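**Student:** Protein chains in written order, with this note's numbering: chain P, 1 to 459; chain W, 460 to 697.
Derived by calculation from the structure, the hints in this document are not laboratory data. Bear in mind the structure is a predicted one, so any value in this text is a computation, not a measurement. Keep in mind that a hint or two might mislead.
Just a few of them, taken from the derived set where beta-carbon distance is under 8 Å, the chain P residues facing chain W [stated by the list, open to error]:
(1) 5
(2) 9
(3) 12
(4) 16
(5) 365
(6) 366
(7) 369
(8) 371
(9) 372
(10) 373
(11) 374
(12) 375
(13) 376
(14) 379
(15) 452
(16) 453
All C-beta atoms in this analysis are idealised placements derived from N, C-alpha and C, irrespective of residue type, glycine included.
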Amino acid sequence: MRILRSSRTALRALSRNKTRAVLTTLGIVIGIAAVIAMMEIGQGASLAIQKSISSMGSNNLLIFPGSTTFGGAHSGAGSGMTLTAEDCEAILNECPDVREAAPTVRTNAQVVFGGRNWVPGSIYGSSQAYLNVRDWQDLEEGEAFTDRDIRNAGKVCLVGQTIKRELFGGESPVGHEIRINNISFRVVGVLSAKGANLMGMDQDDVILAPWTTIKYRVSNRRSSTSSVSSSSTSSGSSEQVNTLSNLYPSQQVSLYPKASAAQQANTPMPVRFANVDQIIVSASSAASIPRAIDQITALLRERHHLRPGEEDDFTVRDMTELTKTLTSTSTLMTRLLLIVALISLIVGGVGIMNIMLVSVTERTREIGLRMAVGAKGRDILVQFLLEAVILCLAGGIMGILLGRGISTLISSILRWPTEISVPAIVLSVVVAGTVGIVFGFYPAWRASRLDPIEALRYE
Amino acid sequence: MDIISLKDIHKVYHLGEIDVPVLKGITMTIAKGEMVSLMGASGSGKSTLMNILGCLDHPSSGQYFLEDLDVTKLSAEEHAEIRNSKIGFIFQNFNLLPRTSALENVMMPMEYHHGGLPASECRQRAEALLERVGLKDRMHHHPSQLSGGQQQRVAIARALVNRPSILFADEPTGNLDSHTSRETLEMFQELNVHDGITIMIVTHDAEVAHYARHIIHVRDGLIVDGVYRSEDSPGVSP
Numbered sequence: 001m002r003i004l005r006s007s008r009t010a011l012r013a014l015s016r017n018k019t020r021a022v023l024t025t026l027g028i029v030i031g032i033a034a035v036i037a038m039m040e041i042g043q044g045a046s047l048a049i050q051k052s053i054s055s056m057g058s059n060n061l062l063i064f065p066g067s068t069t070f071g072g073a074h075s076g077a078g079s080g081m082t083l084t085a086e087d088c089e090a091i092l093n094e095c096p097d098v099r100e101a102a103p104t105v106r107t108n109a110q111v112v113f114g115g116r117n118w119v120p121g122s123i124y125g126s127s128q129a130y131l132n133v134r135d136w137q138d139l140e141e142g143e144a145f146t147d148r149d150i151r152n153a154g155k156v157c158l159v160g161q162t163i164k165r166e167l168f169g170g171e172s173p174v175g176h177e178i179r180i181n182n183i184s185f186r187v188v189g190v191l192s193a194k195g196a197n198l199m200g201m202d203q204d205d206v207i208l209a210p211w212t213t214i215k216y217r218v219s220n221r222r223s224s225t226s227s228v229s230s231s232s233t234s235s236g237s238s239e240q241v242n243t244l245s246n247l248y249p250s251q252q253v254s255l256y257p258k259a260s261a262a263q264q265a266n267t268p269m270p271v272r273f274a275n276v277d278q279i280i281v282s283a284s285s286a287a288s289i290p291r292a293i294d295q296i297t298a299l300l301r302e303r304h305h306l307r308p309g310e311e312d313d314f315t316v317r318d319m320t321e322l323t324k325t326l327t328s329t330s331t332l333m334t335r336l337l338l339i340v341a342l343i344s345l346i347v348g349g350v351g352i353m354n355i356m357l358v359s360v361t362e363r364t365r366e367i368g369l370r371m372a373v374g375a376k377g378r379d380i381l382v383q384f385l386l387e388a389v390i391l392c393l394a395g396g397i398m399g400i401l402l403g404r405g406i407s408t409l410i411s412s413i414l415r416w417p418t419e420i421s422v423p424a425i426v427l428s429v430v431v432a433g434t435v436g437i438v439f440g441f442y443p444a445w446r447a448s449r450l451d452p453i454e455a456l457r458y459e
Numbered sequence: 460m461d462i463i464s465l466k467d468i469h470k471v472y473h474l475g476e477i478d479v480p481v482l483k484g485i486t487m488t489i490a491k492g493e494m495v496s497l498m499g500a501s502g503s504g505k506s507t508l509m510n511i512l513g514c515l516d517h518p519s520s521g522q523y524f525l526e527d528l529d530v531t532k533l534s535a536e537e538h539a540e541i542r543n544s545k546i547g548f549i550f551q552n553f554n555l556l557p558r559t560s561a562l563e564n565v566m567m568p569m570e571y572h573h574g575g576l577p578a579s580e581c582r583q584r585a586e587a588l589l590e591r592v593g594l595k596d597r598m599h600h601h602p603s604q605l606s607g608g609q610q611q612r613v614a615i616a617r618a619l620v621n622r623p624s625i626l627f628a629d630e631p632t633g634n635l636d637s638h639t640s641r642e643t644l645e646m647f648q649e650l651n652v653h654d655g656i657t658i659m660i661v662t663h664d665a666e667v668a669h670y671a672r673h674i675i676h677v678r679d680g681l682i683v684d685g686v687y688r689s690e691d692s693p694g695v696s697p
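Bound conformation, chain P alone (with noise of 0.2 Å):
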């Protein structure tokens, strides 16, 4: 009650001086219409940075081979030869928490249709896996190759918009062969738009096909070197690799004359032949990635034989660190602009203390006045400090209107992402009451300690 008629008391006393209140004011509107702005547009670029790392696929993990050392020398990350399809596929159905895993391979060659040419940014061999681990499914026109032309190395292919439009000006492509390193392909599917990816990479530039047709048909070097499996027959788990090189043994050409079993024990191969360059899964959740790490890690070291001690032949690679990192910055970012918005609340702080100070002087007499007709220094206390938190409550409100017009202004005219904040809204309005309270607390102390007769004779 007390309350609510000092507030009474403090409102009439600010509409006394409107201009003087709204100009006081203004410093706080400033700050508080910044603070929501930033906020505003900063939860829209974090926004947007979410969507565009959702389109590389969600929960992504990669799985690259470990690196090969060969006479001291280390040929770097990837170079091994020790992921498999089976390693894939072994992921795929002994680790919980991967819904989705498919191996890839990739290459770089020439495509020709008719008198056109383009090198894509990559051509990728892989499984029709590989669309539902980058949430890429709906095709814009035909449909994905099959495990049948896995199984058969079919010459099928997929291309993005890129090549859609460089090699055919745009038309349909679906039915149409095109040649990679002189290897007739059919285009069965059109892969949808993605856009450029967090790096800047055109992600639509890019050609798939059966991993098996890219391994043994377009990517010659490998499959020189996997024609040496063909015989042998050393380990178990080249077995398997020759059982699936033997789905299609009229590719294997040999170059060069068969060993001997003399010297096949001589030369122990380490490398496993139908290896692929990376495996590509998906966790089927952000929070069992790590389990779906840990797992992996498990399985494959595994079934690559490794000793407890020994280093693993495979690098598994959390996509979302990049998220992290990217979401992160932008944080920092919005966070940075947010301190200078209250450093501006702060400058507008200093401003209503010191209006306050010129108010509290200027009426002196009033607060004598007030004090004789029985007003306690508390009360005088109380009436300025509500002023002052009156004033930033109000600063604060016409700040929130501003900083959402500010925010509309720049999505509608820039095209900027914004997205409305709640916790800004709140707390602005906390920090504009405690700005009041901070700011107005010595203005008001000081009317409070005034004495009633000196009070009442200033002139």
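Fit chain W to the supplied structure of chain P, relying on the hints for placement.
**Tutor:** The following block gives chain W in isolation, referenced to the frame of chain P:
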């Protein structure tokens, strides 16, 4: 019954190293329902005396009983409550809040009423008092739109709104012409006679002082004499 009783009141101001004695032992009583004038030249200590009587200031020594309550022993907060409930002030320069209507000016002291009054009663009281001082049709005017006499009448209404038992008027006619001065003083007489409110007028003007029956002269911090004028001619200028 005495409303005010002073016993050997001293007041010393400390100006740096020098002590300036302003009141040098004042003993006096004022009966309930009296109308008193406190006279003295400037510097005589009459303002200091009025501040002590109005509970705005503490004496350096001595005892002050207001309605049998020893006020000198009370804290600043309790002083504020006494000022609010028992004392009304009228000032030379009116001291109305600028840009605030007469009605709100009159209602202002009730904001600090310690019991807290309902808004409707505050308004009723203020309106009744403004009507009584003849400003019913000017309730919503701001002080700048009122003449000096009207402003002083608003101030009187404000002083009365908490129903005090004693009214202190510090040079109430200092800023008024002789006609409105007379009106104001006659209003004091009427309040004194009809409502039984004790009134103390502080002035250096003998003419004003003579509206009261009891005149106290202060000189150099001491009461020189207390004169009771004959009862038959109240309010008539000599």
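**Student:** Confirm or reject each hint.
**Tutor:** Against the structure, the hints come out as follows:
| no. | hint | verdict |
| --- | --- | --- |
| 1 | 5 | 6 Å, holds |
| 2 | 9 | 6 Å, holds |
| 3 | 12 | 7 Å, holds |
| 4 | 16 | 4 Å, holds |
| 5 | 365 | 6 Å, holds |
| 6 | 366 | 6 Å, holds |
| 7 | 369 | 5 Å, holds |
| 8 | 371 | 7 Å, holds |
| 9 | 372 | 5 Å, holds |
| 10 | 373 | 4 Å, holds |
| 11 | 374 | 2 Å, holds |
| 12 | 375 | 5 Å, holds |
| 13 | 376 | 4 Å, holds |
| 14 | 379 | 6 Å, holds |
| 15 | 452 | 5 Å, holds |
| 16 | 453 | 5 Å, holds |
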